[in-house]
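Guided by the hints, dock chain X onto chain E, whose structure is given.
Line order of the protein sequences matches chains E and X.
If you read the first sequence in the UniProt record's numbering, its first letter stands for residue 1, the second for the next number, and so on.
If you read the second sequence in the UniProt record's numbering, its first letter stands for residue 1, the second for the next number, and so on.
No lab work stands behind these hints: they were computed from the structure.
As the structure is a prediction and not an experimental result, all values here were calculated from the model.
All residues carry an ideal CB built from backbone N, CA and C; glycine is no exception.
One should not assume that every hint holds.
A few chain E residues facing chain X, derived, Cβ under 8 Å [stated by the list, open to error]:
1. 54
2. 55
3. 58
4. 59
5. 147
6. 152
7. 158
8. 159
9. 163
10. 172
11. 174
12. 247
13. 252
14. 296
Spelled out from the first residue to the last, the chains are:
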Amino acid sequence: MSRLLSNRFKVPSLRKSADSEYLATILVLLGVWIFLIVISVINRSDFLSRATFGAITFNMCIIGVLAIGQGFVVISGGILDLSITVSMLISSFMTVVFYELGWNTPALIIGSILCAGAFGLFNSILVVWLKINPLIVTLATGFAGGGVLLIVFDRKLVDPKSWIADFGTSYLFRFPTAWWPMALLTIGAHFFFKYSRFGRHFLAVGGNPLSAKAMGISLKRMRVSTFVGAALIGGIAGIIFAGFTPEIRPNAGTYYMLPVIAAVVLAGFSLAGGRGSFLALFVSVGFLSTIPTALVFFGLKSIWETFIQGFILIIAVSIDAYRIVKARGR
Amino acid sequence: MSLKKSMAIKTVAIFSAFALIIPTTNATAAPKFKLCVALGGIPGILGALGTSGDPIAKAGAKARGWDYYEVSNKLDAPTAVKNADLIVQQKCSALIQFNGRPEVNPTIAKKLAKAKIPVITYDIAQPGWYFLGIDNLGAGKAGGAALGKLIKEKWNCQPDLVLESHGYGAGIVDSMRTGGMVDGLKSVCPDIDKSKFKAFEGNGEIAVSQPAARDILAANPTAKKIAVVGLNDAGVVGPLLAARQLGSDYEAMGWGQDGNLIAGDKVDPDLKGSVLYFLEGYSAYAFEVLDAIAKKQAPKMRDGAVNPAVLVKPCPVSAAQAQNIPIDKVRIKKLAKDPSKTLYSIYCPK
Chain E
1 MSRLLSNRFK
11 VPSLRKSADS
21 EYLATILVLL
31 GVWIFLIVIS
41 VINRSDFLSR
51 ATFGAITFNM
61 CIIGVLAIGQ
71 GFVVISGGIL
81 DLSITVSMLI
91 SSFMTVVFYE
101 LGWNTPALII
111 GSILCAGAFG
121 LFNSILVVWL
131 KINPLIVTLA
141 TGFAGGGVLL
151 IVFDRKLVDP
161 KSWIADFGTS
171 YLFRFPTAWW
181 PMALLTIGAH
191 FFFKYSRFGR
201 HFLAVGGNPL
211 SAKAMGISLK
221 RMRVSTFVGA
231 ALIGGIAGII
241 FAGFTPEIRP
251 NAGTYYMLPV
261 IAAVVLAGFS
271 LAGGRGSFLA
281 LFVSVGFLST
291 IPTALVFFGL
301 KSIWETFIQG
311 FILIIAVSID
321 AYRIVKARGR
Chain X
1 MSLKKSMAIK
11 TVAIFSAFAL
21 IIPTTNATAA
31 PKFKLCVALG
41 GIPGILGALG
51 TSGDPIAKAG
61 AKARGWDYYE
71 VSNKLDAPTA
81 VKNADLIVQQ
91 KCSALIQFNG
101 RPEVNPTIAK
111 KLAKAKIPVI
121 TYDIAQPGWY
131 FLGIDNLGAG
141 KAGGAALGKL
151 IKEKWNCQPD
161 LVLESHGYGA
171 GIVDSMRTGG
181 MVDGLKSVCP
191 DIDKSKFKAF
201 EGNGEIAVSQ
211 PAARDILAAN
221 PTAKKIAVVG
231 LNDAGVVGPL
241 LAARQLGSDY
251 EAMGWGQDGN
261 LIAGDKVDPD
271 LKGSVLYFLE
281 GYSAYAFEVL
291 DAIAKKQAPK
301 MRDGAVNPAV
311 LVKPCPVSAA
321 QAQNIPIDKV
331 RIKKLAKDPS
341 KTLYSIYCPK
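Next up, chain E with everything else stripped away, as it sits in the complex:
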């Protein structure tokens, strides 16, 4: 108890050091991002164009939202949600189904996101009540979910004359309309985890579940909220995906997993839980989304993107592992 109290006493100073660490991460990532842009401009001055801006911001839309969902899981100590792209696809399929049923837009959006949330609830039941490792659960439900989608839907086509298709190509305040959900979610997540009591509970559970439990926080409730929350965010990505992809297939989400995990780890989210900044995540997504475009300007094929993202992931995970070992040794 005395240890707990002393930990509680130390919270303000810990928060301060964490904030400065997040700021440092943001500045480093921003520096690397700007460096990439500068060398791309030196290589070819036409890199700074409206088309490049469009390509990068469109690249950010889906990866950004999924990364926020994944960041939510990581920061809360859920390790990783390997089925987050299935949440996205459930929502995409349901978006088309509800559209074909003639649902109005708000009902369609809420309905699709809730369907994805139901999948998250299923994940959380397996994690919380059956006490199975979240990584194993989400790996299994990711495969099983894809299989079920294949059996139930096979594929769905989006009407090119629908608002869903318009949403995937239109602009709002000079940014792609589909970019705004990611931007707003980033701001929302930042304030939620930094200033709300409920948000800080997630950080507490992720950082030290035993202490959090001793402080009266329900671990079960938080774990359920984590996986449902991540799936709901995946559901938002699903609506964007439906706008981007006129033919939705159950295997279409596989390409997002690597950049999403790379973005989260690169942003300094600890895979051990309890730490991470959603503002840093935004910069990380921006940087990773610029790489494939820059590669093409350098005359390299965008196929190199996967290699580079994988390489970045290895470096970022190594740094995180080093940080964890160092913290334990302290």
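Just chain X now, with coordinates in the frame of chain E:
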């Protein structure tokens, strides 16, 4: 009627009955030809590649008085191997095979070769099996030429960029289809500069081809008239969407392959056409080889995609023409009624 006359009639009748019975008895002595089909198990596709049976093979076998036996490989390697044992047990005279898990094909081939069962394989080549598949090069060239005509008509053969959405993982199929489209396009517009052709990995999927195309368009900011060719419809629709995402000043048009996204009322407005393969009707072509095998005149083995036993004729259709072609369920029903025809002969616009 006199007794003599009546005896004579009876004798003739008995001999006639014998005359009828003897050939029948001889026919049952020789084993009846048994056609077996190992279905692919791909959801959403009808016929031999799909999940719900092959009505064309069944109808063709029935019309010839053959026995028929069908199993599904369920897109699963162990199931496909197990099915090979069943085929041997069933003493099949010939097998139509589509196995989407070709890594076990050598094992299956050994079992079937031991039992001396000839195999006709669809789209996936295996040494010693008759290869039946779409004429990919012909499909590519036909699609490319059709797009070339549009480019000539609208842009006087001067596009700013020709995006080649490859699926390199598909190997020779990609080279023949996407490469064939480039050749077909050049056959109509031979003077398009080499530098205007930009090849990239689209993997035959919108989720891959769209972001890759966005990056190429960004790296070519002055290009506004964009032509797109690719491995399949999805690989072409991705770049068309990418052009619309980057701005209204782009004018893009593409011609796909496989006809997957050209039918119905949800066709991309810039997808001007596609090449139909009528996968569900493949088995109508297989009887060319099967009939010869049944007559004990098995044709010379041609087992490669570049050296096929039977080539399925591709059918290029514009988006408007595609609207007049009924959906695969209707098509396969019609063909099953008369399996002597092919879907190409019934539905391909002249």
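Checked hints:
1. 54: Hint on residue 54/E: holds, closest Cβ of chain X at ~5 Å, below 8 Å.
2. 55: Hint on residue 55/E: holds, closest Cβ of chain X at ~4 Å, below 8 Å.
3. 58: It holds, given that the least Cβ distance between residue 58/E and chain X is near 6 Å, below 8 Å.
4. 59: This interface hint holds because 6 Å falls under the 8 Å limit.
5. 147: 10 Å, violated
6. 152: 10 Å, violated
7. 158: At about 7 Å, which falls below the 8 Å cut-off, the nearest Cβ of chain X leaves the hint on residue 158/E intact, so it holds.
8. 159: Because about 5 Å separates residue 159/E from the closest Cβ in chain X, which is inside the 8 Å limit, the hint holds.
9. 163: With a minimum Cβ separation of about 14 Å from chain X (threshold 8 Å), the hint on residue 163/E is violated.
10. 172: Given a least distance of 13 Å, the restraint on residue 172/E is violated.
11. 174: Check failed: Cβ of residue 174/E comes no nearer than 12 Å to chain X, outside 8 Å.
12. 247: 6 Å, holds
13. 252: 5 Å, holds
14. 296: Holds, about 4 Å.
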